[in-house]
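Engineer: Chain order of the listed sequences is A, B, C and D. Be aware that the first sequence starts at 1, since it is given in the numbering used here, and climbs by one per residue. Be aware that the second sequence starts at 1, since it is given in the numbering used here, and climbs by one per residue. Be aware that the third sequence starts at 1, since it is given in the numbering used here, and climbs by one per residue. Be aware that the fourth sequence starts at 1, since it is given in the numbering used here, and climbs by one per residue.
If you're looking for bench data, these hints aren't it; they were derived computationally from the structure. Some hints here could point you the wrong way.
Unchecked claim - Each computed SDA-like pair below joins lysine to any residue, with the alpha-carbon atoms no more than 20 Å apart:
| hint | chain 1 | residue 1 | chain 2 | residue 2 |
| --- | --- | --- | --- | --- |
| 1 | D | 476 | C | 470 |
| 2 | C | 476 | B | 106 |
| 3 | D | 75 | D | 4 |
Number of protein chains: 4
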Amino acid sequence: MAKEKLISVETVREHSRAEDCWLVVDGKVWDFTDFLPEHPGGPSIILRYAGRDATQPYNEIHSPSLISDSLSQSKLIGTLDASTITSDWLKLPPKSTPELQLDQKPPLHTLISSHDLEEVASRTISKKAWAFYSSAATDCITHRANCETFDRIWWRPRVLRNVQSACTKTRILGVESSVPFFCAPAAMARLVDGEGEKGIARACAKAGVLQCISTNASFPASEICASVPSHPFFFQLYVNKDRTQTDRLLKSLPSTIRAIFVTVDAPIAGKREADERVRADESLSTPMSGAKAKNDKKGGALGRIMGGYIDPGLCWEDMKWLRSITSLPIVVKGIMSVEDAVMCAEAGIDGIVISNHGGRNLDGAPPSLRTLLQLRLARPEIFRKMEVYLDGGIRRGTDVLKAVCLGATAVGIGRPILYALNYGEEGVSHFIEIIRDELEVAMKLVGITNLGQTSLECLDLGEVETGLGLERWGVKSRL
Amino acid sequence: MAKEKLISVETVREHSRAEDCWLVVDGKVWDFTDFLPEHPGGPSIILRYAGRDATQPYNEIHSPSLISDSLSQSKLIGTLDASTITSDWLKLPPKSTPELQLDQKPPLHTLISSHDLEEVASRTISKKAWAFYSSAATDCITHRANCETFDRIWWRPRVLRNVQSACTKTRILGVESSVPFFCAPAAMARLVDGEGEKGIARACAKAGVLQCISTNASFPASEICASVPSHPFFFQLYVNKDRTQTDRLLKSLPSTIRAIFVTVDAPIAGKREADERVRADESLSTPMSGAKAKNDKKGGALGRIMGGYIDPGLCWEDMKWLRSITSLPIVVKGIMSVEDAVMCAEAGIDGIVISNHGGRNLDGAPPSLRTLLQLRLARPEIFRKMEVYLDGGIRRGTDVLKAVCLGATAVGIGRPILYALNYGEEGVSHFIEIIRDELEVAMKLVGITNLGQTSLECLDLGEVETGLGLERWGVKSRL
Amino acid sequence: MAKEKLISVETVREHSRAEDCWLVVDGKVWDFTDFLPEHPGGPSIILRYAGRDATQPYNEIHSPSLISDSLSQSKLIGTLDASTITSDWLKLPPKSTPELQLDQKPPLHTLISSHDLEEVASRTISKKAWAFYSSAATDCITHRANCETFDRIWWRPRVLRNVQSACTKTRILGVESSVPFFCAPAAMARLVDGEGEKGIARACAKAGVLQCISTNASFPASEICASVPSHPFFFQLYVNKDRTQTDRLLKSLPSTIRAIFVTVDAPIAGKREADERVRADESLSTPMSGAKAKNDKKGGALGRIMGGYIDPGLCWEDMKWLRSITSLPIVVKGIMSVEDAVMCAEAGIDGIVISNHGGRNLDGAPPSLRTLLQLRLARPEIFRKMEVYLDGGIRRGTDVLKAVCLGATAVGIGRPILYALNYGEEGVSHFIEIIRDELEVAMKLVGITNLGQTSLECLDLGEVETGLGLERWGVKSRL
Amino acid sequence: MAKEKLISVETVREHSRAEDCWLVVDGKVWDFTDFLPEHPGGPSIILRYAGRDATQPYNEIHSPSLISDSLSQSKLIGTLDASTITSDWLKLPPKSTPELQLDQKPPLHTLISSHDLEEVASRTISKKAWAFYSSAATDCITHRANCETFDRIWWRPRVLRNVQSACTKTRILGVESSVPFFCAPAAMARLVDGEGEKGIARACAKAGVLQCISTNASFPASEICASVPSHPFFFQLYVNKDRTQTDRLLKSLPSTIRAIFVTVDAPIAGKREADERVRADESLSTPMSGAKAKNDKKGGALGRIMGGYIDPGLCWEDMKWLRSITSLPIVVKGIMSVEDAVMCAEAGIDGIVISNHGGRNLDGAPPSLRTLLQLRLARPEIFRKMEVYLDGGIRRGTDVLKAVCLGATAVGIGRPILYALNYGEEGVSHFIEIIRDELEVAMKLVGITNLGQTSLECLDLGEVETGLGLERWGVKSRL
């Protein structure tokens with residue numbers, strides 16, 4: 001039979017591309033080219049052995065009979081000429097994943113979750129930057145609870161629904177967003193990477209993600225916005241003790257700023273002990289005099305010293321003033337109680353961010369998800385009056401989806417994006433894709449294909465509902 | 001007195017079998033042959049010293065007077081002739097259990113639980129196989145909860161019931177099974193052992209246990225079935241995007257296949273990070289082109305690349321089509337909500353497997369036992385309309401029995417059987433016997449002797465019931 | 001002033017006894033003899049420095065002025081003659097507590113809790129004995145829960161009650177006991193100490209504590225009883241498959257046996273994996289034949305092989321038979337459900353031991369305290385019909401008192417007494433005194449002075465009550 | 001342009017004070033003097049580089065354009081003359097925070113929380129003192145729960161309230177206090193520091209904090225009071241078995257004592273095992289005779305031996321006697337049940353301290369916060385009849401505020417002050433300021449500015465309320 005003709009290893013090697021792909025299995029040479037896209041295990045694993053001997057990996061998982069069942073006899077090229085075998089041929093393709101090294105950044109593509117990015121940042125960014133970003137108030141109870149609360153909610157996944165494709169698009173305050181999450185405002189991104197907020201901006205623009213620029217950004221908002229012309233932004237505002245400065249600041253904002261997020265949960269800075277332990281300059285704690293001395297005694301932590309100009313006297317009246325000086329939508333950032341959420345809705349605020357400042361200010365503040373749960377179950381009508389966002393504790397696409405199922409329009413992501421910035425703009429792009437992919441996978445596995453299908457019905461709140469204290473608002477039972 | 005005659009060690013040594021068993025205690029030689037089956041401590045410990053001096057172990061636990069109380073004087077053979085004692089005689093029988101070695105498989109019979117088998121597999125099967133089998137979605141919350149939920153249910157053991165013998169037999173979809181558990185479908189068993197699913201099949205057939213063959217098995221179903229002719233099987237089906245291939249596949253199944261388990265909880269593969277970190281071939285992630293490129297970017301994890309042909313568009317309508325092309329009972333595998341269970345019953349499905357794919361797909365999916373609890377307490381009538389199975393988290397015979405008490409006809413066991421396969425067919429047989437024995441012991445200690453006696457009354461659900469959120473289905477209290 | 005006379009160190013040293021006690025403080029010599037019993041800090045610390053210089057320890061805690069305020073001037077003997085000071089005099093009394101050594105038994109009096117005794121036993125008794133005693137069924141869930149459940153009950157201590165003295169006496173089945181706990185039956189105490197159950201008996205008799213002798217004791221009951229003539233005992237009974245043997249056994253019991261505790265929770269032995277791993281003789285697992293072979297395959301664990309003669313067919317009918325062959329009170333040991341407790345009361349049983357065999361048989365059996373809580377809150381009338389005991393998890397005097405507050409007449413203590421036996425009879429005496437003292441202290445601090453004052457009112461069950469599932473028995477709320 | 005003139009490093013260096021402050025950034029010399037107080041990041045970080053080159057730290061966080069936007073051109077002095085740069089100039093100011101050393105006390109100002117002070121005390125005070133202060137009863141369950149219970153209460157922070165300044169002042173029994181906490185009574189402070197309670201007194205007086213002097217203080221109350229003339233104190237009383245001694249003691253108290261705190265939760269000392277293991281003198285355990293011998297057998301722990309004179313017979317009748325011999329307000333210290341609190345109110349007691357003696361006496365006594373929660377929710381009217389304090393578990397300013405929100409007038413702080421005393425009076429001052437600052441920050445972040453605004457509304461008790469067992473007192477729901 002003609003198929004029995006001998007084939008040399010040199011000849012086999014010539015067929016090592018996707019468009020022309022031979023493999024040797026058990027001494028027989030087969031043409032896999034047409035079969036590549038059909039392979040249940042995907043083409044990659046076959047291509048790895050294109051032009052080579054795949055006997056060992058094939059037999060690890062397949063029955064000897066499978067190959068002749070799957071490929072027609074016309075794909076059998078012949079028999080390997082054993083006399084042409086060389087030691088080089090016998091070598092397997094080199095394993096290409098080296099062990100992670102503890103003292104340097106591994107290649108970005110090997111980091112596959114936000115936990116990976118955080119772990120790498122913890123050992124490769126500067127001590128000062130790590131202390132500033134990772135720290136949270138006193139015993140970090142709220143900081144930890146922000147994350148853990150997500151894990152106490154179970155899904156109620158539905159099956160046998162067509163989930164061929166899922167769409168993660170949404171609108172935030174009328175602005176299109178490819179995903180229901182945005183880059184939360186954070187101070188001084190330059191501590192991590194020289195491009196700072198500009199790097200984040202470019203990655204966000206490419207991915208169709210919105211970024212909320214901090215008043216304390218390393219670059220002026222105008223510069224950040226200018227780096228990706230016409231891409232929309234939000235602007236986070238700390239109101240200055242000197243209102244004229246705030247007025248001037250708002251008036252100076254570029255036109256691509258589409259909303260103002262005014263922070264209300266940080267009238268003073270919290271006590272972030274990790275931050276305070278890495279002080280800017282201890283030797284200056286004594287010579288300082290006057291009103292500022294007190295802050296300095298607390299160690300000169302970046303968190304404390306940065307907030308000197310913020311007005312701790314900001315109150316509800318100021319929201320009217322703010323409304324009078326800008327025509328942009330106003331979002332109140334830092335809501336931690338049902339009552340204040342209701343007051344915002346009554347005050348005509350356009351949106352709120354349920355937030356405890358990432359657990360950085362008042363330790364024991366309720367985890368953001370707890371407040372969202374209480375608001376959703378006790379005052380569901382609020383969600384029709386204004387948009388509700390949440391930040392704090394988002395580490396997974398499933399976290400994003402849970403918040404959305406509870407009525408949030410979108411969630412803010414803070415620290416993880418800074419940790420991703422450790423790899424520059426590319427790191428941020430990589431991170432956005434990780435979360436977007438996790439979100440899409442979660443949607444499909446929950447049984448929905450667009451965000452309009454999210455609802456309480458997707459969630460099993462049985463383990464968290466009892467402890468929410470809903471009786472306070474006259475809620476007897478969820479149903 | 002004649003009994004005082006001297007006996008040499010050589011003579012004693014001649015009586016070292018169960019049928020002829022002398023021992024020396026405190027210098028006296030006794031015939032233990034008739035006493036062997038009477039010994040409260042069992043015959044083994046006596047036989048260990050058959051033909052030897054048992055003075056030391058005897059005195060460790062018995063009073064000196066006991067021996068003459070227990071054995072009649074006719075059993076006293078005489079006095080040991082001390083002049084015949086040799087150093088060899090004085091040596092105790094060698095301790096025969098060596099310490100486990102961390103770098104190799106210990107003898108199979110020293111592994112006495114599924115945990116032992118898992119531990120050995122974790123260090124002796126290939127990294128790739130371990131990563132593929134042991135991995136679960138993202139943070140592994142569901143994977144851990146699958147197991148832990150079992151531990152939160154207490155028994156209500158009843159006493160003073162005759163439990164001399166217990167029968168573990170049951171019928172699954174009309175097929176006899178020696179136990180209420182079956183081998184759950186799992187892909188590519190050959191990764192662990194060359195005999196793969198065939199080895200499992202032989203062990204199952206010997207033990208009267210049913211095996212559900214995966215669409216992604218290493219061998220074609222026909223080969224697996226042929227390895228144990230006439231033994232019944234189930235077949236797990238992933239529906240292909242190309243329905244004609246599925247049609248052809250079903251038609252090609254051997255006649256010993258007795259039911260089709262169609263998987264519905266994996267329209268797409270979950271993100272199993274341990275699996276993704278051990279990639280098949282990282283170097284191929286770039287050259288790939290076209291539609292498959294996206295999967296490759298995720299790392300080429302076996303879990304992801306294997307599912308390429310599975311149809312994410314599978315929906316309820318397809319169940320009618322499936323019904324039309326096979327006359328076998330149809331079981332829907334992957335139910336995670338009460339509502340979908342009810343829909344299956346209404347659709348005339350023959351059975352369901354409550355399953356979250358071993359925690360491998362959607363992290364945060366409810367642990368299987370939670371869904372079973374909800375279904376049993378909220379919709380008990382469903383269990384009369386179709387059979388209900390569960391998989392995920394079964395590690396002990398007590399786990400099996402708890403599920404059965406909650407209404408499950410049987411449970412599927414997945415990973416542990418693959419870990420047992422690390423010792424080939426014999427390992428699987430050993431594992432089945434471990435679980436069967438644990439189940440039988442549990443039944444007796446709970447106070448029942450056949451599975452027909454299982455009921456909610458056997459269980460104390462006090463610690464889990466509150467958090468189930470049964471109010472959703474209008475259940476106020478269990479009783 | 002005459003008091004200024006010089007005193008040599010030799011003279012001071014002559015006054016170093018409680019009846020004649022001088023000390024030097026700040027160069028002055030004082031007579032503390034009369035003050036000794038008045039010292040708020042107790043006499044010990046003063047006596048330590050009798051005849052010596054106490055300046056340093058005195059100043060560590062007292063004001064310089066205190067001494068002249070507390071002692072009249074007549075107690076000032078004079079001034080130390082500095083010229084007589086020697087280096088020996090200057091040395092402090094030697095610290096007498098050496099560090100515990102990990103490889104040997106520390107002095108008994110340095111062990112001050114049952115945890116200490118357990119820790120020492122774990123490293124100094126034989127591996128076989130430790131495995132046998134310490135092991136529990138499969139995953140040890142019940143074993144751990146037995147202890148932990150006690151810690152979830154809070155006291156409600158009452159103050160301003162006269163608690164000068166407290167009486168721990170009670171009566172168990174009409175027999176006087178100095179404390180509401182007894183030595184639970186345990187097999188083969190000789191594994192720990194050659195005196196075995198006899199050593200326990202002597203310690204119990206001295207302390208007025210009752211001992212329940214196991215059918216599987218190392219010595220016949222008659223020998224154990226004979227070791228402390230006229231001291232009352234209880235006898236634990238495993239009913240033999242051959243009832244005539246049980247009949248004979250009961251008839252042979254000495255007259256100081258005052259009750260029969262028939263064990264019903266161990267129709268077969270549980271799977272105690274630690275025990276099975278330390279097998280008696282692995283080499284015998286093969287040659288054994290016949291009915292016993294199965295047990296041997298399980299590893300020849302002491303727990304399994306000892307139970308060969310126990311009748312797994314024992315049932316309620318047998319209680320009538322048992323009643324007919326003995327006139328002693330009958331206690332059923334091993335009750336794990338409210339229902340079986342009620343059945344015992346209805347069957348005229350004199351008492352029950354709520355017990356899960358120390359977590360050794362069915363893993364997942366409810367912790368004993370949980371069953372006691374359920375029985376007390378759901379069926380309080382049972383406690384008036386028969387006596388109720390509990391064993392499992394008792395490690396502290398507070399544990400004993402909690403059980404008594406919940407209605408138990410007494411509790412059984414098992415493993416801790418065996419660990420105490422590691423120091424022989426003296427160890428057991430020491431252990432009994434530890435628990436008795438802890439119990440007395442607890443009573444006083446709870447605000448009661450005899451066991452008749454115990455009640456539910458002493459306990460705050462708020463954290464455990466919700467999870468008890470009391471609705472099963474129609475209990476809506478505790479009050 | 002004149003601004004382009006060259007400036008030498010010598011010239012720059014001359015402007016290195018707050019009143020005259022030049023910095024070099026990117027080769028330009030700027031005058032920051034006027035900008036110093038305006039800097040959002042505070043003046044410290046600028047002053048660190050006064051007279052130096054700040055290019056690197058500036059660019060780490062700021063955009064290059066920011067400086068010319070923020071400073072008018074008139075502040076640009078000129079260009080640095082590169083030819084004058086020296087290696088000394090290039091050096092950064094020295095980092096001044098050395099690593100903490102494990103074997104010595106770090107500088108006090110580097111300790112920023114009560115945890116820091118405790119950690120340092122644990123390794124630098126004497127073993128005996130550490131054992132005495134840190135120890136708690138038996139398994140330390142209550143001791144740990146005292147702290148942990150605080151962490152289970154969430155805040156309900158309110159936003160947009162003017163919190164420019166907050167006042168922490170209150171009145172305790174009519175005595176002014178700068179803060180709602182006081183120094184709880186503790187025995188023998190001299191074990192830690194030679195100045196003992198006097199050092200504490202001076203720190204308290206300076207800070208306007210009240211101190212409650214223990215009957216077992218190292219110095220007589222008169223001496224302690226005399227150290228800070230006219231500063232008010234409280235006095236903790238152990239009633240002596242000999243009432244005349246107590247009478248005499250009270251009559252001897254200085255006039256600055258403003259209330260008597262009579263301890264009722266320690267009729268006998270608890271079993272503090274860590275304390276007992278570090279015995280005063282083991283060798284004396286044998287020779288002691290008579291009534292004291294029993295205590296000595298328990299190991300001569302300081303806790304046990306100190307309490308010899310305390311009357312375990314103290315009862316409600318004695319409160320009338322106590323009332324008759326002093327005209328000072330009487331506070332009962334050691335209430336652990338709602339019922340006893342009510343009895344105190346009915347007996348006309350002026351205040352109570354909810355306390356379990358720091359978990360040192362009865363293990364399993366309810367954590368103080370639990371009792372406060374029960375009292376507040378079940379018997380709110382009590383708080384209008386007398387003052388209620390709490391001690392046990394206070395480690396943070398937030399803990400103080402939570403107790404006050406639950407109705408406590410003030411809380412006592414015990415162990416942490418002793419650990420602070422490890423640094424003498426200065427350490428105590430430092431500790432008081434830490435807690436006071438944490439309290440003030442917490443108030444502002446909760447949204448209140450004086451203690452009169454505290455209420456249940458500030459707290460989210462959802463996670464603790466269910467387990468409190470409030471049904472006992474007929475409370476169905478909190479609202």
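Engineer: Does each hint hold? Answer for all of them.
Structural biologist: Hints, verified against the model:
no.: 1; hint: 476(D) with 470(C); result: holds, 18 Å
no.: 2; hint: 476(C) with 106(B); result: violated, 54 Å
no.: 3; hint: 75(D) with 4(D); result: holds, 12 Å
Of the numbered hints given earlier, the model fails hint 2 alone.
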